[in-house]
Each structure stands twice: as C-alpha cells, then as structure tokens.
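Given these sequences and hints, build the entire structure.
Top line first, the protein sequences correspond to chains A and B.
The working numbering numbers the first residue of the first sequence as 1 and each following residue consecutively.
The working numbering numbers the first residue of the second sequence as 189 and each following residue consecutively.
These aren't lab readings, by the way, just hints derived from the structure by calculation.
All residues carry an ideal CB built from backbone N, CA and C; glycine is no exception.
Mixed in with the good hints there might be a few duds.
Claimed, not checked - Stretches of chain B that chain A covers, calculated by requiring three or more beta carbons in the stretch to come under 8 Å of a beta carbon on chain A:
no., segment
1, 217–227
2, 241–253
3, 257–268
4, 499–510
What the hints assert, rightly or not - Only some residues are given here: those of chain B computed to face chain A with a beta carbon under 8 Å:
no., residue
5, R210
6, Q211
7, I273
8, A274
9, L278
10, P280
11, G281
12, R558
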Amino acid sequence: MVNADDQRWIARCLDGDTAAFGELVRRYQDRLYNTVYRLVENPDDALDVVQDAFLNAYQSLDGFKGDSLFFTWLYRIAVNTAISHRRKQRVLLNIDVDRNGGPGVQPLDDSAYSRPGEGLERAEQEQRVQRALARLSPEHRAVLVLKDMEGQKYEAMAEILGVPVGTIRSRLHRARAELRELLEREEE
Amino acid sequence: MSPRALPVSALRVGIMLTEQCRQLLAAYVDGELTSRQQETVLRLLNGSPEARELLRRMQQDAAALRVLPRQRLERDLSAPIVQLIADRRLRPGSRRRPSFEHARPDFSAWAGFSAAAAALLLVAFGSYLYFATALEEGPENQAVAKSKADPPDRPADKRKDDVRHERTPQPKKEGETFIAVKPADPESVPAPAVAQAPSEPAPGKAPDAAIMAAPDPVATMEMFKVAAVARLQILKQADLDHAQRRQQLLEELRKGQAYRVESPVKDSIKAFDRLKAALTARGISLVIDQTAQARMSNSARLAKIKTNFVLYVEDVTPEELVQLFQFAAVEDRKAEKLRKDDSQFDAVVINAMADADREELCKLLGLKGRKLPDPPSGPLGTDVRKPVADKTADDIARSLTGQGGLSRPEPGKPAAKSPEHLALAMPYNPVRPRPDSPEIKRFLASRKPPRPGTLQVLLVLREMGE
Numbered sequence: 001m002v003n004a005d006d007q008r009w010i011a012r013c014l015d016g017d018t019a020a021f022g023e024l025v026r027r028y029q030d031r032l033y034n035t036v037y038r039l040v041e042n043p044d045d046a047l048d049v050v051q052d053a054f055l056n057a058y059q060s061l062d063g064f065k066g067d068s069l070f071f072t073w074l075y076r077i078a079v080n081t082a083i084s085h086r087r088k089q090r091v092l093l094n095i096d097v098d099r100n101g102g103p104g105v106q107p108l109d110d111s112a113y114s115r116p117g118e119g120l121e122r123a124e125q126e127q128r129v130q131r132a133l134a135r136l137s138p139e140h141r142a143v144l145v146l147k148d149m150e151g152q153k154y155e156a157m158a159e160i161l162g163v164p165v166g167t168i169r170s171r172l173h174r175a176r177a178e179l180r181e182l183l184e185r186e187e188e
Numbered sequence: 189m190s191p192r193a194l195p196v197s198a199l200r201v202g203i204m205l206t207e208q209c210r211q212l213l214a215a216y217v218d219g220e221l222t223s224r225q226q227e228t229v230l231r232l233l234n235g236s237p238e239a240r241e242l243l244r245r246m247q248q249d250a251a252a253l254r255v256l257p258r259q260r261l262e263r264d265l266s267a268p269i270v271q272l273i274a275d276r277r278l279r280p281g282s283r284r285r286p287s288f289e290h291a292r293p294d295f296s297a298w299a300g301f302s303a304a305a306a307a308l309l310l311v312a313f314g315s316y317l318y319f320a321t322a323l324e325e326g327p328e329n330q331a332v333a334k335s336k337a338d339p340p341d342r343p344a345d346k347r348k349d350d351v352r353h354e355r356t357p358q359p360k361k362e363g364e365t366f367i368a369v370k371p372a373d374p375e376s377v378p379a380p381a382v383a384q385a386p387s388e389p390a391p392g393k394a395p396d397a398a399i400m401a402a403p404d405p406v407a408t409m410e411m412f413k414v415a416a417v418a419r420l421q422i423l424k425q426a427d428l429d430h431a432q433r434r435q436q437l438l439e440e441l442r443k444g445q446a447y448r449v450e451s452p453v454k455d456s457i458k459a460f461d462r463l464k465a466a467l468t469a470r471g472i473s474l475v476i477d478q479t480a481q482a483r484m485s486n487s488a489r490l491a492k493i494k495t496n497f498v499l500y501v502e503d504v505t506p507e508e509l510v511q512l513f514q515f516a517a518v519e520d521r522k523a524e525k526l527r528k529d530d531s532q533f534d535a536v537v538i539n540a541m542a543d544a545d546r547e548e549l550c551k552l553l554g555l556k557g558r559k560l561p562d563p564p565s566g567p568l569g570t571d572v573r574k575p576v577a578d579k580t581a582d583d584i585a586r587s588l589t590g591q592g593g594l595s596r597p598e599p600g601k602p603a604a605k606s607p608e609h610l611a612l613a614m615p616y617n618p619v620r621p622r623p624d625s626p627e628i629k630r631f632l633a634s635r636k637p638p639r640p641g642t643l644q645v646l647l648v649l650r651e652m653g654e
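The following block contains the structure:
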C-alpha cells in the first residue's frame, strides 16, 4: 500500500542513512504543517509540533509496517501530537485569530477583477470561519480539518485518529452542527 | 404555531430532524454514504425542506473551510531535522512507539491487564454493595430504584406513587446518600428523540439496516410543516420521463443564473464518461485537467482509486441542461441493460450556487477573488483596448447601417467555424487541480460572453462508498 518511493527512502533510513529522512521531510512538511497549523492555530507551535512529529516518526520508523500510506501514518503521529498540545494549551487559548498572527490579517487581493472592498470582505469571512474553527474542541476540529481541508476518507481518518469509523462519522456530524451554530452566532 | 411563523433560527441546526437523519446528511456532505443510505438521503431531501436547508448550510460551511488559505512553511525543515537526528544520536527504534500505536501484547502486558481487570471487578462489586445498601434507604432513592426497576412502557397510572415522590421532595437528611451520575460521553448519547422514527431498530440489526427499514424517514420526522425553502431541487432519473416534471424543473432553473449540482454516483469515472458523452452530444467539448486525467487513467481504474470530479460549464440554457441530464440518463440506462447495477445517475441535487461555491470555483481555477470574473465582452480572444483594424471598422460600420458585416456562407460551403464551447473537468477530492494547468488556462481563454438567460453550472460527481 505504501508508495514505492516512500518505501525506498524508508528502507534507506532503516539502513542508517539519516539524509534519506530529509527527503521524506521535504516531501510532506508543507502538507503536514498546513494541517497542524489549523489544529494549533499558531505558526510557532505548528512548527514545533511538526518538528516533534518528524522526530517521533523517525524514531518509530521501524514500527511502520507499510500497511497504510506513509503519509497517513505520519499524520497520525502529527495529529495526535497536535491534539495533545492543544489540550495542554486550551486553558490559555486565545481565540482571537488576529492576535495570534493568523493569515487572515493580510486581506490584500490583487486580482484585477476584484471590486473595492472585496479583499476585506473575504478576509473577514475567513476570520469568521477561523474563529469558529478555533472554538471547537480539538477532536471536532481535527475531523473537520482532515475531512474538509485535507479531503481524507472516513477510513483513513479513523486510522489517523485511532478511533472506529463510527466515531468519525458521529464526530463529524457533531462538529458540523457545532460549527454551524458558531458561524450563525457570528453572523447575528 | 403556523408554518409561516416558524422562526428562521428554528431551521438552523435541524432541531426537528432526528439524529440519524442529521448524521446521514452530514455523511452526504462528506461523500461517505453507501448507495442504500444515499437513497434514504434523497428521499429525505425530497420530502423535507428543513433537511434541504440543513444540507445547503452544511455544504456551504464545508466549502468555506476548503477555501481557507493553505499555510506553507517559510523554511525547509529537512536540514534542521536531519541535524537534530544527528545531534541527539536518534535512530529508528530508539523510541518506544507512540502510545496510540497498538503495542504487541506480551506476557508483562497481559499480567498488567489481568491485575487491572481484577481491580476493576473488586471496585465494581464494592460499588454495587455500597449503592445497593444506599438505595434501600430514603424515599427519593427508593423512587429512583423503583423507576429503574419499572419497565419503560409501564402505563403512567400505575406509577402514581413514584410521581408523588418526585413532586414532593423530602427535605434532605444529614448523611443521606446522593448518587452522582457521570454524564455520558456525548458521542454515545442517544439521539434526542424530538421526532422519533416509528419503530426502534430491531436488536442485532445493523444501524444502516434499521435506517433502511423505516418506510419513509420524512413521514414522522417533522412535528409540523416548515416554510418551504425552494432553493434546492432533487431530480430523479425517472423524473426526466415526465413532461410535467421536466417543465417544472425548467421553470425552477429559469429563476436563477448559477447552480451547483451534486450527483452521488457509484463510480465517478464511469459517471464522468457518460457525462462526457452527453456533453459531446450537445456540442460542448470537454477540457480535462491533467490531474483529473491521471485520476481517470487505466491504472487509477485498476487500483480503484476514488476521486470526486467537478465539472464547470457556462453559457448553457436551462433547456440544454435538462437535455444534458436526459442524455446522461439514456446512457445510464443503456449501461444498466448491459450490466446490472451499473447506472450512475439515479438522482441529482440542484442547488442555487452560493457565494462559497463561487469562491471555491475561483480557488479551483487558481483565480483570486470570490467570484469568477465576467469573460471579456469582445469577440473571443479580442482585446478591446487595442485599436481595431480598418477592415473590421468597415465591417462594423456596414453592420450598423443594416448592410450586414458578415456575409452568409455560400451554399455548399462550410460556415465559419463558431468559437469552441468548452466545459472544464477537474478533480475535486481528495486532490485538487494545479491552478496553472494548461487545461484551465485554455478553458479560461475560451470563455465568451454568455447568451442571455443561460446558466453557470458547477457539477460535482461525488463517489459514494460501498
């Protein structure tokens, strides 16, 4: 099931070639960072989590059996690290995305077709969605990010989060209802 | 309460839909329904305006999440990580597997499990003895114990004593025992039965089977009618056979200018092939993005890689759109005759295109902004800012004076080739197209001003799991 290229790099890592792991990092760092960023909401924390996830993955590489995609396995480590991180930080959570230095603060839209103020509206909408996402529990947020932003299937999500498919289904449904409620409160 | 008087907020989270129905709708948004569940959802959508509204909103939210900007690392982490590995002298296997990994059970693990199980049994037994004693004391606790012992369907009149105790609580005595009930895990909480299905799922039956066993999820779902939300249409393949339904659909389509059409299919590649045939029959050429092409390749078919595709077409009249559906239905029936259960387009869900859809379309096409810009108003490929050639100016002048700029083709000779009418196919999930792909560029360059009364259509072929 594992991609042939990944398999080759993994084999080289297991033979002691640490530079081969660098190739795997290069391949997946952006995707992983994007997901983790959405889970922890802070660029510095996201960077730490991604780095920890890669180091953990390297140390556990001998346990990777190849019966799932390498990326799914990596995701599993990263998402769980991010959720734990998020739980620890929850008390101190600042839901104001702006102050966290989120990406929505630069709404510039240089499209030739955009009408005046459209960039600002777009940024506001993004911020609304991000704020609502930030208010969800780590578990609910994780399923929404994995499904809607990463396009993962239930089965892969179940593997990543280490829960049954039925739990993913019900979590997603509750997460969607909660997100809707939060967005409507924002609109009111 | 009159149906019209229902507040908008009542619609917002689907308070009148059962938990099962809402879960099915969420799974529809996720593209994770079996074909049987899909039928149930379509029946539900067909009969419940509230379900339609909830689906529309959930689709909008999902689209809003999809269009959030992707975060990119500002620096390459590979070198620092490799350096850290070297500095800390890490090696594969030097760390115990993460706690969420399934560790191989060995003797020590089993010993631990046994000890934990024994301790748990002791605690359970002790708790039982403790609470059993406590429940025998005090009228309130007796009532609780009694109500627990009563079968749930016991007639109310036989429980008068219990009710009396509940209504006239005794003052609490010192030392009295109270039972703290741990709130159940929200994920395992049963559905708030505002509107219960008529029959409980039979014991031992799979939940899906139980859902399917219900004759019609709509019939008992709503406590009262809600104001109609006519923005979403369900078109079943069979509807296309009825002139009246076709006419009704045409009238609905004429009310808007842009639609998002969702088609739950069993095999998105097969469905796509049939749609392609239907488009070609209507004189619309298809441009397929290279990522989509790769996902439709023979190797992808053999590997049974699932992909949802999205097709964008504009400048189609409502009549042409209905004809397109009809043609696809004909292709579907032909395939069904050759092979059972091979039909793909059992039904389509037609929704007015929302802002989030437009934004998503822009993102798919790699355009900035929230709305697809209007195509240039000049003829195809003409830059209106450039000065026109003398001959063209003469043609225009003759045209304006009623003499006609372009002559009709002579009999027997082909007419000047009309500009290409293109539709664009892209992958939707789990991969997205490359924004600067030559196919997308070609499509954008081919756009021309739409004819009046024509539609923009974003059609998603959503493959449902089996």
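Okay, the hints, checked on the actual structure:
1. 217–227: Check passed, 3 qualifying residues.
2. 241–253: Holds, because 6 residues of the segment 241–253 of chain B bring their Cβ atoms closer than 8 Å to Cβ atoms of chain A.
3. 257–268: holds (count 10)
4. 499–510: Since 0 is below three, the answer is violated.
5. R210: At 6 Å from the nearest chain A Cβ, R210 (chain B) passes the 8 Å test, so the hint holds.
6. Q211: holds, 4 Å
7. I273: Nearest chain A Cβ about 5 Å off; hint holds.
8. A274: holds, 6 Å
9. L278: This hint holds: L278 (chain B) lies near chain A, its Cβ roughly 6 Å from the closest one there, short of 8 Å.
10. P280: With Cβ-Cβ at 4 Å, under 8 Å, it holds.
11. G281: holds, 4 Å
12. R558: holds, 6 Å
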